[in-house]
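S.K.: Guided by the hints, dock chain B with the ligands onto chain Y, whose structure is given.
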Amino acid sequence: MAIGVKVMKRPAKDVSYVRATLKGMAITFKKMFEPKVTMQYPEEKSAPESERGAWSISPRWRGTHRMLTDEQGRSKCVACGLCPQICPANCIKLVPGEDEEGHRYPLIYEIDEFRCVFCGYCQEVCPEEAIHVGVHYENAEYSRDRFVYDLERLSSQTHPVSTLWDPTDPKGE
Amino acid sequence: MTPELKGLLLVSIIKLLVVFTVTMIGVALLTLMERKVSAWMQYRLGPNRVGFGGLLQPAADGIKNIIKEETFPGMANRVLFMLAPALAFIPALTLGSVIHWAAPLPVNFDFTLPLLGRFVHTGLMPMAVADLPVGILFVLAISSMGVYGIALAGWSSNSKYALLGGLRATAQMISYEVAMGLAVVPVLLLTGNVAFGEIIRAQQVGGFGWFILPLFLAFHNFLVAGFAETNRLPFDMPEAESELIAGYHTEYSAMKFSMFFIAEYTNMVTVSAMVTTLFLGGWDIPFTHWDETPGVLQTIATGGMMFLKVFFWLFFFMWIRWTLPRFRYDQLMALGWKVLMPIGLAYVMLIATAIYLIENVAGISSGLVKMLVLTGINVALGYIVFMVLDRGLLIGGSRERGAASGGLGRRAA
Ligand code: SF4
Ligand code: SF4
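In the order they appear, the protein sequences are chains Y and B.
So in our numbering, spot 22 of the first sequence is number 22, and the numbers just go up one at a time.
Whatever position you read off the second sequence (first residue = 1), add 1000 for our numbering.
Excised from the complex, chain Y in its bound form:
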C-alpha cells in the first residue's frame, strides 16, 4: 500500500530551510513598515455609491429588505403572493386583503430577517418592484423579535436598494 511520492530534484537553494527562513524573515520585517489597510469602522464607513472607493459595498449587495411605496405613501405590493411562494427560507408572511374597488393589498406583510438567506429571489420575482433587498449592513438590535420586520418598518427604510445580478450584463457595466 505504498503511496508513490514523486520527488523533484530541486536546486539546493530552493530546498534549504534556513535560507528560506531568513528570506521570509526579511519579508515579514519589511511588511511591518508598509501602510496599513485597516478600516477604522465606526468612524470610517463604507462610502456611498456616488463616491465609490476601496471601501464601499457592492451595489449588488443583498442586505435587509425595503418595501418601496407609491406617491401616496402606500406600499407598492399588490399581495400577489409570489414572494412568499418563491422564498426558499419561507420567511415572508403575507395575508392579502382587498379594498372596495377590488385593489389587493397586504394586510400583514412580515419578513423574518433571521430566517432570510438573502438570496434576493423576492426582489427578482416581484411583478410590482415592491419588495427589494437593500444595500445596508448595520442591523444591530437589542432583542430578537425586532428582527421580524413588519410592513411599516419595511416601508420606512431609506437605504439604497440592491441592483442584483443581471445575467445580460454579468460584470455590471
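Hints were generated in silico from the structure; no laboratory data involved.
Please note that the accuracy of each hint is not assured.
Straight-line C-alpha distance at most 25 Å; calculated DMTMM-like pairs for lysine to aspartate or glutamate [unchecked claim]:
| no. | chain 1 | residue 1 | chain 2 | residue 2 |
| --- | --- | --- | --- | --- |
| 1 | Y | 93 | Y | 152 |
| 2 | B | 1064 | B | 1034 |
| 3 | Y | 36 | B | 1034 |
| 4 | Y | 93 | Y | 124 |
| 5 | B | 1036 | Y | 44 |
| 6 | Y | 93 | Y | 70 |
| 7 | Y | 93 | Y | 145 |
| 8 | Y | 6 | B | 1070 |
| 9 | B | 1309 | B | 1177 |
| 10 | B | 1036 | Y | 34 |
| 11 | B | 1036 | Y | 43 |
| 12 | Y | 45 | Y | 141 |
| 13 | Y | 76 | Y | 99 |
| 14 | Y | 76 | Y | 113 |
| 15 | B | 1068 | B | 1241 |
| 16 | Y | 76 | Y | 110 |
| 17 | B | 1309 | B | 1291 |
| 18 | Y | 31 | B | 1177 |
| 19 | Y | 9 | B | 1330 |
| 20 | B | 1064 | Y | 141 |
| 21 | B | 1036 | B | 1241 |
| 22 | B | 1015 | B | 1131 |
| 23 | Y | 93 | Y | 112 |
| 24 | Y | 76 | Y | 129 |
| 25 | Y | 23 | B | 1034 |
| 26 | B | 1015 | B | 1198 |
| 27 | B | 1309 | B | 1034 |
| 28 | Y | 30 | B | 1291 |
| 29 | B | 1015 | B | 1292 |
| 30 | B | 1160 | B | 1070 |
Since the model is a prediction, treat every value here as computed from it, not as a measurement.
M.R.: Then chain B with the ligands, alone, in the frame of chain Y:
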C-alpha cells in the same frame, strides 16, 4: 537570626517583589506587543481602542478574564483540572528568580528597626533574586516541571483535543530538553562553571567576547530548542489551532486560561534571558569595560542593556511566529531527535577536542586566539550544516519519504 542574615533576607524580599511585579506587568505588555507586532506584519493596526494607542488593552483583557465564568467540562477530573494551571504557572515564574538582570549593585546598610532588630548588608548584591551556584542546572530542572501542567491539563480535561495537545506537549518538551541540554554543554566547557554570574563574567573578561560567535551552532540549537520548549510557532503543536482547537487549554476559561497564557509568556521571557545570558554576554555592554566596576549607574545602564537584548529576542519570537508555518508533528520529532541531537552531540565532542588541542597541545592560552580559532571552526561547521546538509534534509521531508518509496505506509507499519 544574625543581622547579616536578616539583611540578606530583606534585600531578597525586595528583589523578589520587584522581579515578580516587573515580570507580571511585562507579560501583560508582552501580550499587547504580540498583538501589535502580528497586526503590523499583516498590514493591520492591532488593538488601538483602549487607552492611548491600545496601551490599556492588557488591563481590559485582565479584568475580562477575572470576571468571566469558570467552566468545568463534564466528567473532568476536578482536582487535576484545577491544579494544572498552577503547575504550569509556578515553574514559569520560579525561573525568573535565577537570572541576572543587571550588574551587581553595591549595597551597604546597617540600621535597627523596633521589634525586628538590626539589619546589616555589606558588599555586592547580585541582581538576581537567588544567585544560585547551580544556575543553569536549576533552569533545566525547573523548566521540565512545566510539562506537568500541560500534560495534566490535557489529561484532566476529558476532551480529545486537549488530550492530544497534552500528549504532544509531553513528547515535544521532553525531546527538546535533550537538544537544549546539549546546546548548553559547550558554554559550560568554555566557562567551566554553571553559575549564571560566572558565565557572564567569562564572556566579559575571559577574552572570548560573547559566546555567540565561537559557539554559533550551540546558539542556534539552543534557540530552536527554546522555541520548542516554549511551544511557540513554528513548534506550537500542543496548541495547533487548526487541528486541535486550542490543544491542552481547549476546556479552560477565565483566569485559569490566563494562567497558561501568562506561563507561556513568562517562559518566553526566561528563554530570551537565557539566550542573552549564555550567548550574548548577559547584561554586558559591548566594547567597554566601564560596566565591570560596580556602581549604581553601572547597574542601571547594564539593566537597560539586558532589557534591550531580552526585548530583541522577544521580538524575534514574534517575528518567527509570523514568518514560519507550523511543522508537521513527525517533522518536529525528526528535527529534535535526528538533527538537533546528533548535531549537538557531535558539536560537544568537537568543541571539547578543539579546546583540548588549543590549550594542551598547541599550548595557546590567549583568549583572543582561542576565540578566533573556535569562530573559524564554527564558520566551517555552519557552512556544512546550513549550506550542505540543509537541502531538504534537516526537516524530514520529501526526500526521506521518496527514498522509502511510501514512507507513510512504512511508518504506520
Ligand atoms: S431574500 Fe430570499 S430568503 Fe430573504 S425574504 Fe427574499 S426570497 Fe426569502
Ligand atoms: S411579489 Fe411583490 S407584489 Fe407580490 S406579494 Fe411579494 S412584494 Fe407583494
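S.K.: So, for every hint listed, does it hold in this structure?
M.R.: Results for each hint:
The straight-line distance between the Cα atoms of residue 93(Y) and residue 152(Y) is roughly 14 Å, inside the 25 Å bound, and the hint therefore holds. For the hint linking residue 1064(B) to residue 1034(B), the alpha-carbon distance of about 19 Å falls within 25 Å, and the restraint holds. For the suggested pair residue 36(Y) and residue 1034(B), the alpha carbons sit about 17 Å apart, so the restraint of at most 25 Å is met. Taken as a hint, the residue 93(Y) and residue 124(Y) pair is honoured in the structure, with Cα atoms around 18 Å apart against an allowance of 25 Å.
Between residue 1036(B) and residue 44(Y) the CA atoms are separated by roughly 21 Å; this keeps the pair inside 25 Å, and the hint holds. For a cut-off of 25 Å, the pair hint linking residue 93(Y) to residue 70(Y) stands: about 21 Å separates their Cα positions. For the suggested pair residue 93(Y) and residue 145(Y), the alpha carbons sit about 15 Å apart, so the restraint of at most 25 Å is met. Straight-line distance between C-alpha atoms of residue 6(Y) and residue 1070(B) comes to about 51 Å, which puts the hinted pair past the 25 Å bound.
Our distance criterion of 25 Å between C-alpha atoms is met by residue 1309(B) and residue 1177(B), whose separation comes to about 23 Å. The suggested pairing of residue 1036(B) with residue 34(Y) holds, with an alpha-carbon distance near 14 Å, which does not exceed 25 Å. A distance of roughly 21 Å separates the Cα atoms of residue 1036(B) and residue 43(Y); the hinted pair therefore holds under the 25 Å criterion. For the hint linking residue 45(Y) to residue 141(Y), the alpha-carbon distance of about 19 Å falls within 25 Å, and the restraint holds.
With a C-alpha separation of about 15 Å, the suggested pairing of residue 76(Y) with residue 99(Y) holds against the 25 Å cut-off. Restraint check: the Cα-Cα separation between residue 76(Y) and residue 113(Y) comes to about 20 Å, which is no more than 25 Å; the hinted pair holds. Proposed proximity of residue 1068(B) and residue 1241(B) is supported: the alpha carbons are some 22 Å apart, at most 25 Å. Between residue 76(Y) and residue 110(Y) the alpha-carbon distance is near 15 Å, which keeps this suggested pair within the 25 Å criterion.
Between residue 1309(B) and residue 1291(B) the alpha-carbon distance is near 16 Å, which keeps this suggested pair within the 25 Å criterion. Distance check on the hinted pair: residue 31(Y) and residue 1177(B) sit about 34 Å apart at the alpha-carbon level, beyond 25 Å; violated. This hinted pair checks out: residue 9(Y) and residue 1330(B) have alpha carbons roughly 23 Å apart, not beyond 25 Å. At most 25 Å may separate the alpha-carbon atoms for a hinted pair to count; residue 1064(B) and residue 141(Y) meet this at roughly 24 Å.
Our distance criterion of 25 Å between C-alpha atoms is met by residue 1036(B) and residue 1241(B), whose separation comes to about 20 Å. Of the pairs offered as hints, the one joining residue 1015(B) and residue 1131(B) holds, with about 12 Å between alpha carbons and a cut-off of 25 Å not exceeded. Only pairs whose Cα atoms come within 25 Å are accepted, and residue 93(Y) paired with residue 112(Y) is accepted, the gap being roughly 8 Å. Proximity of residue 76(Y) to residue 129(Y) is assessed by CA-CA distance (about 7 Å); at most 25 Å being required, the pair is judged to hold.
Taking the CA atoms of residue 23(Y) and residue 1034(B), the gap is about 21 Å. The hint holds against a cut of 25 Å. Only pairs whose Cα atoms come within 25 Å are accepted, and residue 1015(B) paired with residue 1198(B) is accepted, the gap being roughly 20 Å. Taken as a hint, the residue 1309(B) and residue 1034(B) pair is honoured in the structure, with Cα atoms around 17 Å apart against an allowance of 25 Å. About 35 Å separates the Cα atoms of residue 30(Y) and residue 1291(B), which puts this hinted pair outside 25 Å; it is violated.
Of the pairs offered as hints, the one joining residue 1015(B) and residue 1292(B) holds, with about 21 Å between alpha carbons and a cut-off of 25 Å not exceeded. At roughly 20 Å between alpha-carbon atoms, residue 1160(B) and residue 1070(B) fall within 25 Å of each other, so this suggested pair holds.
Violation of the numbered hints given earlier is confined to hints 8, 18 and 28; the remaining hints are satisfied by the structure.
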